[in-house]
Amino acid sequence: MVEFGPLILTLKLSLVVTVLLLFIGTPLAWWLSCTRSKLKSFIEALTALPLVLPPTVLGFYLLILFNPTSPIGSFWINITGESLSFSFFGIVLASVIYSLPFMVQPLQSAFENVGFEIREAAASLRASPLDVFIKIVAPLSKRGFLTASILTFAHTLGEFGIILMVGGNIPGRTKVMSIAIYEHVETLDYNQAHILSGMLLVFSFCVLFLIYTFNRRHPLNVG
Amino acid sequence: MFKKINYLLISFLAPLIGLISCAPKNEPVLKVAVATNFLTTADTLVEVFKRSTGIEVLLISGSSGQLATQVINGAPYDIFLSADDVYPSKLSSLGFADAQTQLTYALGQLVLYGAGDVEQNLKSGNFYKLALANPKVAPYGLAADRVINNLNIRSNVEGRTVYGQNVGQVYGFVKTGNADLAFVALSQVKDIKKPYWRIPQIFYSPIMQDAILLRPGLTNKAAHDFLNFLSSDEARKIIIKSGYEVPQNG
Chain A
7 MVEFGPLILT LKLSLVVTVL LLFIGTPLAW WLSCTRSKLK SFIEALTALP LVLPPTVLGF
67 YLLILFNPTS PIGSFWINIT GESLSFSFFG IVLASVIYSL PFMVQPLQSA FENVGFEIRE
127 AAASLRASPL DVFIKIVAPL SKRGFLTASI LTFAHTLGEF GIILMVGGNI PGRTKVMSIA
187 IYEHVETLDY NQAHILSGML LVFSFCVLFL IYTFNRRHPL NVG
Chain B
493 MFKKINYLLI SFLAPLIGLI SCAPKNEPVL KVAVATNFLT TADTLVEVFK RSTGIEVLLI
553 SGSSGQLATQ VINGAPYDIF LSADDVYPSK LSSLGFADAQ TQLTYALGQL VLYGAGDVEQ
613 NLKSGNFYKL ALANPKVAPY GLAADRVINN LNIRSNVEGR TVYGQNVGQV YGFVKTGNAD
673 LAFVALSQVK DIKKPYWRIP QIFYSPIMQD AILLRPGLTN KAAHDFLNFL SSDEARKIII
733 KSGYEVPQNG
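So the sequence lines, in the order shown, correspond to chains A and B.
Quick note: the first sequence uses our numbering, first residue 7, plus one each step.
Quick note: the second sequence uses our numbering, first residue 493, plus one each step.
So that you can see chain A by itself, here it is in the shape it has in the complex (with noise of 0.2 Å):
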């Protein structure tokens, strides 16, 4: 009676696109949060991109850019002999682009908060800048991890617009949630689209509301 394929495949996906961010995001986060360079201003404009463009723009593109003749789509094809449109992992790539935002600016606040005199001081010690990082912003920037976590987990699990682009509606590698619900609503079956609605409200506050009550019990004193 109900359906647990989307559910499973929302929160596969939410998963593998937060760890795949805090990989990617950690280190660009790191570099705003230290760089002088020019191009800080355009790498900080490019990765806020996806808050400001609509979904269908993104979709629009990445459908251009994924399809099998494209350099991507053909290299992608030549290396898994699947192609990036309609693949779970074309999602994922997808959702990583579009979730970009959400992982480096709560991290790159976070890092910038630590403060440079800190920083200093360990490096005066001759601390490695990898040290620094590790040893002493890490540590202090545990919140800021949890917050970009949690809002790219969040925002994967209500992504919705890019998918229905370049997803292609497939059950078990891209027919998430959002998808599955905008069916039901679609044909007037009502009773399914409040089953799966009432489980991603239901499950989305849960989430939301230990974090909450976690970030309360352990207040991290930071700067």
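Keep in mind that the hints were calculated from the coordinates and are not lab data.
Hints are not guaranteed to be accurate.
Some chain A residues well away from chain B (every beta-carbon gap over 12 Å; in silico) [claimed, not checked]:
1. LEU17
2. LYS18
3. CYS40
4. THR41
5. ILE49
6. ILE103
7. LEU131
8. ALA133
9. ILE156
10. MET205
11. SER210
12. VAL213
13. LEU214
14. PHE215
Rough simulated footprint, nothing fancy, chain A against chain B, three-plus residues with beta-carbon under 8 Å [unchecked claim]:
15. 551-559
16. 623-633
Where a beta carbon is used, it is the ideal one built from N, C-alpha and C, also for glycine.
Go by the hints and put chain B onto chain A.
This is chain B only, laid out in the frame that chain A set:
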């Protein structure tokens, strides 16, 4: 400082007020909800209708499912031009439309579109991705699904089928090269030189695109006029020219 803010405020507000006051003065007398696949044809029909009657028609487009949902939730449309015959029936059974007025204004024609000899490629499995509209929400998708059954090629297409929300999106999948075969509507490709295969009618049940009078239109004379116009010879000629068939008697 204060003055500066005032100027800023005015410079923002003035164009805004201008915009608001420019909103259309006379409400169109007729609001027609139309399935997106029929929108361009409906545009032509509305123009012709206006020339002979002077009646202004506002077209609201969306998927048939979206439009039906809007009607159920109180959208004030007079007429519904659906892409199938299921949603109009549903609306009338729920009391949102007048069952007596339901009529088939067009018969959708399914075609297979793509690269090379599309018919041969489909039958021999010589393709990479086959796109069709989601059979659960789109009538052309349901028809395409039947064709796959009737051609006995289900095992051929398994795992290589992708779904769009409607034939518009499906057409886009081919256009952008993400699929090389697609079931679309004749009305989308009739002017294109690329070869397509018009699926013989024996392979799918007719795609009846039905119109129905909605509750707000019951007391609107213009709405009745427009429905009558839809089955006039003049309108039928336009509909056929756009890539549809029309029912024999009508």
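| task | Against the structure, test the hints numbered earlier, and report the numbers of the ones violated in rising order. | result | No hint contradicted; all consistent.
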